[in-house]
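A.B. asks: Listed below are the residues making up each chain.
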Amino acid sequence: MKPSILTIPIICLLLMTPLVFFQGIPSTTPEWLTREFGGVPGTVWATTAWFVAMVLLTWYVGKANTDHLGEENP
Amino acid sequence: MIQSSIVYFFITIAITLGITYWAARRSSSKEALYTASSGISGNQNGLAIAGDYMSAGTILGIVGLYFLVGTDVSLYFISPMAGLCIGLAIIVGPLRRFGRFTLGDVVESRLKDRRMRVVLGICAIVISLIYLVAQMVGAGGLISIVFGLSFNMSVVVVGILMTIYVAYGGMLAATWVQIIKAVFLVGSVIVLSVLCLQHTGGLSELYAMTTEATAQTRSLFNYGNLNLGLYSAASLTLGLMLGMMAMPHLLIRFFTVPDEAAARRSLVVAVTLISLTMCLVFLIISPAGVSMIANNPDYQDANGVVLGGSNMITLHLARALGGELFFGIMSAIAFSTILAVVSGLTISISSASAHDLVKTLSRGELSEKTELRVFRTAAALTSAAAIGLSILFQHENLTFLIVMGSSVAASTTFPLLAMAIYWRGLTPTGAIVGGMVGLISSVGLIILSPAFWVKVVGFDEAVFPSDYPALISVPLAFISAWMVSRVTSPAPAELAAS
Numbered sequence: 001m002k003p004s005i006l007t008i009p010i011i012c013l014l015l016m017t018p019l020v021f022f023q024g025i026p027s028t029t030p031e032w033l034t035r036e037f038g039g040v041p042g043t044v045w046a047t048t049a050w051f052v053a054m055v056l057l058t059w060y061v062g063k064a065n066t067d068h069l070g071e072e073n074p
Numbered sequence: 001m002i003q004s005s006i007v008y009f010f011i012t013i014a015i016t017l018g019i020t021y022w023a024a025r026r027s028s029s030k031e032a033l034y035t036a037s038s039g040i041s042g043n044q045n046g047l048a049i050a051g052d053y054m055s056a057g058t059i060l061g062i063v064g065l066y067f068l069v070g071t072d073v074s075l076y077f078i079s080p081m082a083g084l085c086i087g088l089a090i091i092v093g094p095l096r097r098f099g100r101f102t103l104g105d106v107v108e109s110r111l112k113d114r115r116m117r118v119v120l121g122i123c124a125i126v127i128s129l130i131y132l133v134a135q136m137v138g139a140g141g142l143i144s145i146v147f148g149l150s151f152n153m154s155v156v157v158v159g160i161l162m163t164i165y166v167a168y169g170g171m172l173a174a175t176w177v178q179i180i181k182a183v184f185l186v187g188s189v190i191v192l193s194v195l196c197l198q199h200t201g202g203l204s205e206l207y208a209m210t211t212e213a214t215a216q217t218r219s220l221f222n223y224g225n226l227n228l229g230l231y232s233a234a235s236l237t238l239g240l241m242l243g244m245m246a247m248p249h250l251l252i253r254f255f256t257v258p259d260e261a262a263a264r265r266s267l268v269v270a271v272t273l274i275s276l277t278m279c280l281v282f283l284i285i286s287p288a289g290v291s292m293i294a295n296n297p298d299y300q301d302a303n304g305v306v307l308g309g310s311n312m313i314t315l316h317l318a319r320a321l322g323g324e325l326f327f328g329i330m331s332a333i334a335f336s337t338i339l340a341v342v343s344g345l346t347i348s349i350s351s352a353s354a355h356d357l358v359k360t361l362s363r364g365e366l367s368e369k370t371e372l373r374v375f376r377t378a379a380a381l382t383s384a385a386a387i388g389l390s391i392l393f394q395h396e397n398l399t400f401l402i403v404m405g406s407s408v409a410a411s412t413t414f415p416l417l418a419m420a421i422y423w424r425g426l427t428p429t430g431a432i433v434g435g436m437v438g439l440i441s442s443v444g445l446i447i448l449s450p451a452f453w454v455k456v457v458g459f460d461e462a463v464f465p466s467d468y469p470a471l472i473s474v475p476l477a478f479i480s481a482w483m484v485s486r487v488t489s490p491a492p493a494e495l496a497a498s
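Heads up: the sequence lines are chains A and V, in that order.
Residue 27 in my numbering sits at position 27 of the first sequence, and the numbers go up by one each step.
Residue 388 in my numbering sits at position 388 of the second sequence, and the numbers go up by one each step.
By construction, these hints were calculated from the structure, which means they are not laboratory data.
Note that CB positions come from ideal geometry on N, CA and C, so glycine has one too.
You can take every hint at face value.
Lysine to aspartate or glutamate pairs mimicking DMTMM-like chemistry, simulated, CA-CA at most 25 Å apart: (1) A/K63 - V/E260; (2) A/K63 - V/D259; (3) V/K112 - V/D259; (4) V/K30 - V/D259; (5) V/K112 - V/E31; (6) V/K30 - V/E371.
Computed Cβ-Cβ distance ranges for the label pairs, DEER-style: (7) A/L56 - V/L381: 35 to 45 Å; (8) A/I5 - V/S150: 43 to 53 Å; (9) A/L56 - V/L392: 37 to 47 Å; (10) A/G38 - V/S150: 43 to 53 Å; (11) V/G425 - A/T17: 21 to 31 Å; (12) V/W482 - A/T34: 39 to 49 Å; (13) A/G38 - V/G187: 26 to 36 Å; (14) A/L6 - V/A261: 16 to 26 Å; (15) A/Y60 - V/T377: 41 to 51 Å; (16) A/E36 - V/F459: 42 to 52 Å; (17) V/V183 - A/E36: 34 to 44 Å.
So here's chain A without its partners, still in its complex pose (with noise of 0.2 Å):
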């Protein structure tokens, strides 16, 4: 199904919004971030899982787009 013109853009800000947060007031980062998981710290994870959500998302933002070719005609 293809995503309305709002929702990409939408989803986008409020996946961005939590690493905003912590990189602007870096106490609201939650304790259990900061571990290690598999001798490598939880914030590295997090912030490469952030990368791969926005590139699956744009893997289906693509497909989609594709499979309705012209139907977001303004």
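With the hints as your guide, set chain V onto chain A.
C.D. replies: The following block gives chain V in isolation, referenced to the frame of chain A:
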């Protein structure tokens, strides 16, 4: 100068000039010079976009910045990725459908007013020039270190080469240089990552080494090292996010493919390559650089500073793990990266100058031959201006220059494109006012910011407390375009009908 670097330096120049000669024989028309006659496939364009995105500043700069701020560097690559995602959803399709050569085509086709070309042309030139100066400053520093030339000589060499590529090879040459460079860049990042893991014994061992390297690196894995505050963090994110999908030199790449489906496919290919590369750079190469290079006395000067600055960490790492041969290859890739990106930016400025400004101001009475002459002259003038400005701003912070270009793009081309495509109520006057308000407010706030007002001009205190204007300038551009559109007339009916 390192012997292997000299050899690869000349091999790189020979290959790129060979591509330009090949492309020049196929680039006699306006279509060929501006958009490679829209004959690039989606996959090829995806590689070229990935190449445009992954500039020397991105690859070398991210590792260098990681050394200073650690995990906080994530804002600089996650925000643009979000921008690419939004761009794929709302901009790319309509852009390819309504545009032919420049962004001015897109907005003029919606608003039926030729003045829009001038506005978009000015915005494209300002944004691309800021970005071009940032790339040239980075290029000058890198080349002077790797190849032993002076800064001024380095930027002159880059300026001359980019003029030749653009004036003769046009978009076809720039695209193929980008494609080849992107393949080598991704390949070398994969090889370097494997070498890092091989050397350390695994990811957890790598992070243990990084954590133990110095007391300073212990804080690298906490958020907040950028000391931004909530406003600046949000504004930086917004500027990088919206600016990414409003960069003229990236957007005109979508005119090089035959149709909308190829345009979308090309961005998906680009995102795949960018994500693979950036994950490796963030997860492996950056911490390896900190643990093996940044605190290693072999790579520090007498003051304990990394030789050539933190941007050189990646190249030092290549030498430490792969020897002189791999160092030479990585240096050549960094050099070709610079050449490819500045060529793309020069095309953006030259096509906006010839097709949007000069052609419109001469009321469209410009033969193709004359327009091509204007394009080539603009390429030479752009090169001269970029050389002069990069010498002037050679001590300016690179990240600040890049964020500045992104913030201006987010405040000008993004509101104009988004509103022109999706809001039928936008009038030509509203669009002009919105674009100008975005341009003046973003540039004005940057001038009044600490990074310019205090560090460049020399005042004690900045008028505007943050270096990042997007959170104010982007809404201002949208609101002013909306308000003026509500009280002004749309384009004449007969023009709209046409």
